[in-house]
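Asks: Take a look at the letters that make up each chain.
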Amino acid sequence: MTLRRFALDAAAIGSLGFILLPLFFVIWLAFFRDEIPTFPPSGYTLAWFRAIADNQSFLSGLITSVQVAVTATLLGLALGVPAALAIARRKFTGQAAIATWLLLPLVVPGVVLGTASYVTHVEAEILTYGAGLEIPIIGSLAALIAAHVLLVIPWTVRLVTASLAGSDGTIEEAAQNLGATPWVTFWRVTLPSIRPGIVAGALFGFVSSFGNLEMSLFLVGPGRTTLPIAILQYLEWKIDPTIAAVSVLQIALIAALLLITDRYVKLARVV
Amino acid sequence: MAELKLSGLAKHYGEVVAVREVSIDVADGEFLVLLGPSGCGKTTTLRMVAGFIRPTKGRIDLGPRDITTLPPWKRNTGLVFQSYALFPHLTVAQNVAFGLEMRKTPRAEIETRVEEALKLARLGGYGARLPREMSGGQQQRVALARALAIRPDVLLLDEPLSNLDAKLRTEVRVEIRELQKKLGLTTMMVTHDQEEALTMADRLVVMSDGEVRQIGTQRDLYERPADRFVAGFVGRSTAIEGRMEGAGRFVSDGGLVVSAASAATGPATLTLRPERLRLGGDADGLGNAFKGKVEFVSYLGSAIDVHVRLNAADHVVAQIANRDGLAEPVVGDEIAVGWPVEAGLIFERKAAPGTARA
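Residue numbers (the working numbering), protein chains in the order written: chain A, 1 to 271; chain B, 1 to 358.
With the rest of the complex left out, here is chain A (with noise of 0.2 Å):
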């Protein structure tokens, strides 16, 4: 029984360093001294840090990432809630279906993800020229923006249906029958009990468009990078900490993000 017990601790505090242990190097490096990692590092140094700030593609990247995964996490707002709540509250036909045909985008691969955006974004190009309108879409950030809702939308649906399980709309009821309004009752009753699920949702599909390359690779224009697009581009010219500390600046970034978002909400309460 003891034996039993140590083996699941063991199990469980394995898997969280195997997690860490990446996360524990990259940090680690950002501060070495030497150009070329090497083990001992011959000192420590904050340069690292210092050469970001110099570099111009990291910090129009940096822009750009942030402005995508806002306005995209904006939009898969938008669209994810009202998805489920028809998912959560309503009846009809192909429910089900539709519930999991959201989820898409979080199995499909990001290269066929991209692939097929870029294509929808030259076929709508086309259409425009059609029209004899000739509004650039291939490359432009609208397109690159509504490529990312993609990445999105599965992850609002999921935790605000999520947190709409257990509720079966007699709170609604309630709410009406004590005199208000259906609009009203969205405001003062249905949004405030999925809450959690907004934010946690929002959360998350910031974190997956922010780190998101794979797709993003196919629908950059030119002098447009994220912050993903710049660091492989760093990497093809050379491995210094620059990168590490890039690294650690985002790890940063993402923690304090859902260490916000956790006293609002408990996450794994959630999720």
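The set of hints was computed from the structure by calculation and includes no laboratory data.
In this text the structure is predicted, and so the values were computed from the model without any measurement.
All the given hints hold, so there is nothing to weed out.
Lysine to any residue pairs mimicking SDA-like chemistry, simulated, CA-CA at most 20 Å apart: (1) 293(B) x 310(B); (2) 91(A) x 53(B); (3) 104(B) x 187(A); (4) 119(B) x 138(B); (5) 104(B) x 181(A); (6) 91(A) x 52(B); (7) 291(B) x 305(B); (8) 181(B) x 171(B); (9) 74(B) x 187(A); (10) 74(B) x 186(A); (11) 238(A) x 56(A); (12) 104(B) x 186(A); (13) 5(B) x 153(B); (14) 74(B) x 59(B); (15) 238(A) x 37(A); (16) 291(B) x 239(B); (17) 104(B) x 182(A); (18) 74(B) x 170(A); (19) 119(B) x 130(B); (20) 91(A) x 13(B).
Given chain A, put chain B in place with the hints provided.
Replies: What follows is chain B alone, placed relative to chain A:
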């Protein structure tokens, strides 16, 4: 509070009739219970009154208003849900205040009325709690306080006690009934639990298959059931199938000849309340007396059920009080069983027997 009047209220879902032309009047301050097995249409009827289901036909009047087509939020009914349906993100006080805020009641008045409602529901001091921090019984009282705070024209209770454990249920029954009397609340409750219905109601409506079978007091339903369904659903009874052969003469399928106070003819069912039957010497001199064999005895504490087989087809259940010096019948005993003529209720068996679907 106001009078509630349902006139010819019906609900059809395509071909399926959920409620068939129901007409019920609930007097001002009356506690009326809709009683019936699940699927009998009682909840549909209640939800039509609350405004969540639009009737196919008929009319609902609440006090001077025709509310048939009003949306739920304009009806001023106070509904207590089976699941309580408390707002999980609001405190108890905020839950109770919700309806008053919707009515744009001034802040100061909201506070006093919330206080008042919580006190009525014996929840003073619990205002700052969240629903999930409370027990089932307390949540039930919050739901009640929330419904009462808006001073509804009618209080609607949808199986309000079915999620409570048995002991609490009997307590809350009495509590709700006393509160209802004290405040003079016009109340309509739905339940499938006949004991609950009998203890709480002023009057009861027995429903089955979307139809009203009988409206009356407890005594009416028990002693003068309108049909075999009511006789079987309210209280216990044993049924013996047979036919009426001449006035007052019932012959069972098993050949038993019984005197019965009925002028009916043709196929019929005789029903008997177990406590009206007498055993052994007590059966002497009664209008009906037969010899039988004790088949089964169950000891219930205050009473004893004795199952007596009269012949291959017919058997009856007699309930006798467990009093001092009782010679308890034993399985296999030959025993006399009898009942007064008027204790046997005769229901004519129609082509389509009025039995309930489960």
